[in-house]
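S.K.: Chains as they are written, first to last, in the numbering used here: chain A, 1 to 163; chain B, 164 to 580.
In short, the hints are calculated from the structure, not lab data.
Below 30 Å or equal to it, Euclidean Cα-Cα: the simulated DSSO-like pairs (lysine-lysine) are:
id	chain 1	residue 1	chain 2	residue 2
1	B	K511	B	K260
2	B	K191	B	K394
3	A	K49	B	K206
4	B	K547	A	K49
5	B	K260	B	K271
6	A	K3	A	K49
Derived list of chain B stretches under chain A, where covered just means 3 residues or more per stretch with a C-beta under 8 Å from a C-beta of chain A:
id	stretch
7	196 to 204
8	210 to 220
9	346 to 355
10	545 to 551
Taking CB as the label site, the calculated pair distances span:
id	chain 1	residue 1	chain 2	residue 2	range
11	B	A474	A	A113	48 to 54 Å
12	A	R160	B	R477	57 to 63 Å
13	B	E452	A	G132	53 to 59 Å
14	B	P444	A	R112	37 to 43 Å
15	B	R578	A	G151	53 to 59 Å
16	B	E220	A	L161	19 to 25 Å
17	B	E396	A	N47	56 to 62 Å
18	B	A419	A	E129	34 to 40 Å
19	A	G132	B	D218	50 to 56 Å
20	A	R30	B	W315	27 to 33 Å
21	A	E134	B	P444	43 to 49 Å
22	B	S368	A	F143	39 to 45 Å
23	A	R158	B	R477	54 to 60 Å
All C-beta atoms in this analysis are idealised placements derived from N, C-alpha and C, irrespective of residue type, glycine included.
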Amino acid sequence: MIKGRVWLYGDHVNTDLIIPGRYLDDYDLRSLSEHAMEDIDISFSRNVKSGDIIVAGRNFGCGSSREQAPAVLRQKGVGAVLADSVARIFYRNAINIGLPVVICPRVSTQLRAGDVATVDMQLGSITRESDGLEIRFAPPPDFLLEILDRGGLVPYMRERLSR
Amino acid sequence: MAGMTFAQKVLFRASGRQASPGDIVSAKVDLAMSHENSALVVKAFREMGAERIWDCEKVVVLFDHRVPANTSKTAEGHRAVRRFAIEQGLPHFYDLKEGICHQVLPEKGHIVPGMLVVGCDSHTTTYGALGAFSTGIGATEMAAVWATGELWFRIPETLRVRVGGSLPRRVSAKDVILSIIGDLGADGADYMCVEFVGDTIDRMSISSRMVLSNMSVEMGAKAGVVFPDGKTEEWLGPRTSRPWGTETSDASAEIADEVNFDISSLHPQVAKPHSVDNVVPVEEVSGIEIDQALLGSCTNGRLEDLQAAEAILRGRRIADRTRLIVVPASREVYIDAAEAGTLASLVKSGAIVLNPGCGPCLGAHQGILAAGERCISTTNRNFKGRMGNPNSEIYLASPETVAASALKGEITDPREV
Numbered sequence: 001m002i003k004g005r006v007w008l009y010g011d012h013v014n015t016d017l018i019i020p021g022r023y024l025d026d027y028d029l030r031s032l033s034e035h036a037m038e039d040i041d042i043s044f045s046r047n048v049k050s051g052d053i054i055v056a057g058r059n060f061g062c063g064s065s066r067e068q069a070p071a072v073l074r075q076k077g078v079g080a081v082l083a084d085s086v087a088r089i090f091y092r093n094a095i096n097i098g099l100p101v102v103i104c105p106r107v108s109t110q111l112r113a114g115d116v117a118t119v120d121m122q123l124g125s126i127t128r129e130s131d132g133l134e135i136r137f138a139p140p141p142d143f144l145l146e147i148l149d150r151g152g153l154v155p156y157m158r159e160r161l162s163r
Numbered sequence: 164m165a166g167m168t169f170a171q172k173v174l175f176r177a178s179g180r181q182a183s184p185g186d187i188v189s190a191k192v193d194l195a196m197s198h199e200n201s202a203l204v205v206k207a208f209r210e211m212g213a214e215r216i217w218d219c220e221k222v223v224v225l226f227d228h229r230v231p232a233n234t235s236k237t238a239e240g241h242r243a244v245r246r247f248a249i250e251q252g253l254p255h256f257y258d259l260k261e262g263i264c265h266q267v268l269p270e271k272g273h274i275v276p277g278m279l280v281v282g283c284d285s286h287t288t289t290y291g292a293l294g295a296f297s298t299g300i301g302a303t304e305m306a307a308v309w310a311t312g313e314l315w316f317r318i319p320e321t322l323r324v325r326v327g328g329s330l331p332r333r334v335s336a337k338d339v340i341l342s343i344i345g346d347l348g349a350d351g352a353d354y355m356c357v358e359f360v361g362d363t364i365d366r367m368s369i370s371s372r373m374v375l376s377n378m379s380v381e382m383g384a385k386a387g388v389v390f391p392d393g394k395t396e397e398w399l400g401p402r403t404s405r406p407w408g409t410e411t412s413d414a415s416a417e418i419a420d421e422v423n424f425d426i427s428s429l430h431p432q433v434a435k436p437h438s439v440d441n442v443v444p445v446e447e448v449s450g451i452e453i454d455q456a457l458l459g460s461c462t463n464g465r466l467e468d469l470q471a472a473e474a475i476l477r478g479r480r481i482a483d484r485t486r487l488i489v490v491p492a493s494r495e496v497y498i499d500a501a502e503a504g505t506l507a508s509l510v511k512s513g514a515i516v517l518n519p520g521c522g523p524c525l526g527a528h529q530g531i532l533a534a535g536e537r538c539i540s541t542t543n544r545n546f547k548g549r550m551g552n553p554n555s556e557i558y559l560a561s562p563e564t565v566a567a568s569a570l571k572g573e574i575t576d577p578r579e580v
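Model the full structure from these sequences, guided by the hints.
M.R.: Pasting the structure below:
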């Protein structure tokens with residue numbers, strides 16, 4: 001179960017905002033992640049806590065195929081990304097690096113910054129802790145849940161290739 | 164029974180499963196491309212415990228984003244990939260010598276119609292201009308492709324974009340696609356396969372079609388396809404002898420939507436900061452002063468783009484307050500533009516010519532903006548901070564509009580110079 005505080009953002013948060021291209025020569029995720037979201041929210045990387053949840057509007061993660069975008073969020077401890085819609089490559093990348101990502105139309109109008117929420121990926125359920133409001137979403141197919149469960153595509157493939 | 168769309172047919176052939184939009188299939192890819200981020204792919208490949216690439220003939224690796232290396236960290240990344248390429252005996256490793264992946268792969272004959280192509284770059288949609296089903300993926304899943312040759316795909320819905328009419332003077336493919344994106348929005352084709360059809364597309368060169376396919380991802384598309392015709396055949400003829408598929412969508416196939424655009428009275432278009440769908444006709448922004456003009460990229464760095472700009476600038480000097488940066492998309496384009504005198508003419512007009520590559524488009528080097536500066540660019544993204552500074556502004560436009568704007572030092576309607 002994922003539980004954390006909500007960071008709320010708008011529509012079309014692109015990968016350049018999540019991690020600017022000017023830093024991408026750095027292959028060390030720990031130092032790279034210090035720049036996460038800095039062009040849109042300078043307080044994010046300083047104040048985000050392990051388990052916190054990003055909630056956003058439409059088309060989250062649009063733009064480049066850079067996998068560092070979900071990777072820096074996970075590195076900073078983000079427990080899940082919930083958005084009204086998610087750009088295709090970001091969606092794939094997030095699952096592949098083990099960051100739970102949820103497409104849930106209108107979720108950005110149902111949670112506010114600072115809310116505490118819990119997310120159950122198997123059940124397809126988000127709960128707002130303050131009043132117990134439950135928001136449902138279609139859970140990802142089983143094989144994607146399995147990749148998430150293993151911690152990403154690398155451990156998933158390691159298991160598969162060693163068989 | 165309904166027929167199949169192009170996307171369904173390609174994924175049927177590659178997966179052995181006849182599936183409907185929304186279904187997920189595991190498909191064998193025909194070609195896998197990666198650039199600098201191969202460093203991440205190599206790392207994930209090793210961590211997966213993989214040893215050999217499944218089929219070296221189907222893998223292309225090159226460097227284009229930061230060439231020559233802009234920092235020692237980049238140089239380390241390049242070296243790690245170079246060593247891997249030698250270790251695996253990769254026959255299609257181009258290092259930093261050829262230019263931008265999306266120009267180089269078609270030029271070198273790696274792309275033919277009907278292929279299923281994946282690339283570690285969002286603009287991998289470009290190869291759709293040659294009739295391939297081609298889409299961007301991430302680095303870790305590329306490692307899985309290197310190991311197994313397979314990947315999961317969701318069968319996309321299809322959005323048909325029909326474009327009709329003759330392009331007015333000094334209006335080009337970039338204006339067409341900006342107008343379409345402005346209309347449909349930055350997620351207007353979310354996850355869909357876009358098919359570009361109509362008499363305007365039929366008359367377009369392969370280079371112009373590549374502009375459309377390239378920018379399809381800026382409206383969320385998974386792929387952006389132009390079906391092959393005589394022009395495709397002529398273009399591919401000298402580049403490859405490989406047989407190619409002739410799949411198109413069946414007339415009875417179900418598609419999500421069809422939208423129509425008549426471009427016969429289209430004005431030059433400009434995407435204002437900081438999103439690609441923030442599009443207006445050029446006259447709404449003309450007169451805005453610019454510090455930098457950029458002509459190049461996987462969107463508009465081809466010979467016809469350089470020549471369209473040169474035709475406007477020939478024998479004239481760009482404005483003193485403006486710097487014009489020209490980046491040919493590939494070595495082939497560079498040579499052709501040099502031999503045709505295009506580059507010399509642009510330099511005489513005051514341009515700086517860089518080596519083929521992605522250049523300043525992604526804000527890594529070769530033309531980063533200062534705070535408060537403004538750039539008009541033929542590239543594909545005007546996101547905040549894209550060219551290296553979050554307090555700068557990027558306007559996207561055609562080669563013609565960029566050239567006219569460099570000439571005047573302010574955003575300028577190319578029909579008026």
